[in-house]
Amino acid sequence: MAVTILDALRNANYNLDNMRVMPGLYPIVKSQLNNALVLLEKGWPIYQEVEPLLEEFGDMENVPSYTRRIFEPPSPADVAKPLLGVRYTRGKK
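To convert a position in the sequence shown, counted from 1, into the numbering used here, add 8.
Please keep in mind that the hints were generated in silico from the structure rather than gathered at the bench.
Just so it is clear, the structure is predicted and the values come from calculations on it, not from any experiment.
Accuracy of the hints is not assured; some may be wrong.
[Claimed, not checked] Pair ranges (Cβ atoms, derived):
1) M30 / Y74: 31 to 37 Å
2) M27 / G51: 27 to 33 Å
3) S73 / Y34: 25 to 31 Å
4) Y74 / S39: 19 to 25 Å
5) P31 / P60: 27 to 33 Å
6) E59 / K38: 14 to 20 Å
We put the CB at the ideal spot given by N, CA and C, even for glycine.
Work the whole structure out from these sequences, hints included.
Dropping the structure here:
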């Protein structure tokens with residue numbers, strides 16, 4: 009299961025709560041927070057998956073800024089994709 013920026017923040021919050029019990033979580037929490045903050049500062053949406061960006065760019069500092077504007081219309085390729093969980097029927101109800 010892929011981790012989004014929001015998931016990384018939630019995981020960091022959970023791990024912060026458990027640092028008294030497991031002090032070794034500090035480097036993990038720091039990494040989770042840093043990755044999420046870097047991507048948010050670069051304008052990436054909160055539901056962006058983190059792992060594909062890490063795999064492609066190797067480090068969050070190398071990830072480019074997100075360029076798609078919030079009100080930019082979807083591309084024709086995005087419109088052509090079927091919606092997940094929606095069944096299409098022809099003429100039958």
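Tested hints:
1. M30 / Y74: 31 to 37 Å: Holds, since M30 and Y74 (Cβ atoms, about 34 Å apart) stay within the stated range.
2. M27 / G51: 27 to 33 Å: Once the Cβ atoms are compared, 30 Å apart, the range 27 to 33 Å for G51 and M27 holds.
3. S73 / Y34: 25 to 31 Å: holds (29 Å)
4. Y74 / S39: 19 to 25 Å: holds (21 Å)
5. P31 / P60: 27 to 33 Å: For P60 against P31, whose Cβ atoms are near 31 Å apart, the range 27 to 33 Å holds.
6. E59 / K38: 14 to 20 Å: holds (18 Å)
The structure fails none of the hints (numbered hints given earlier).
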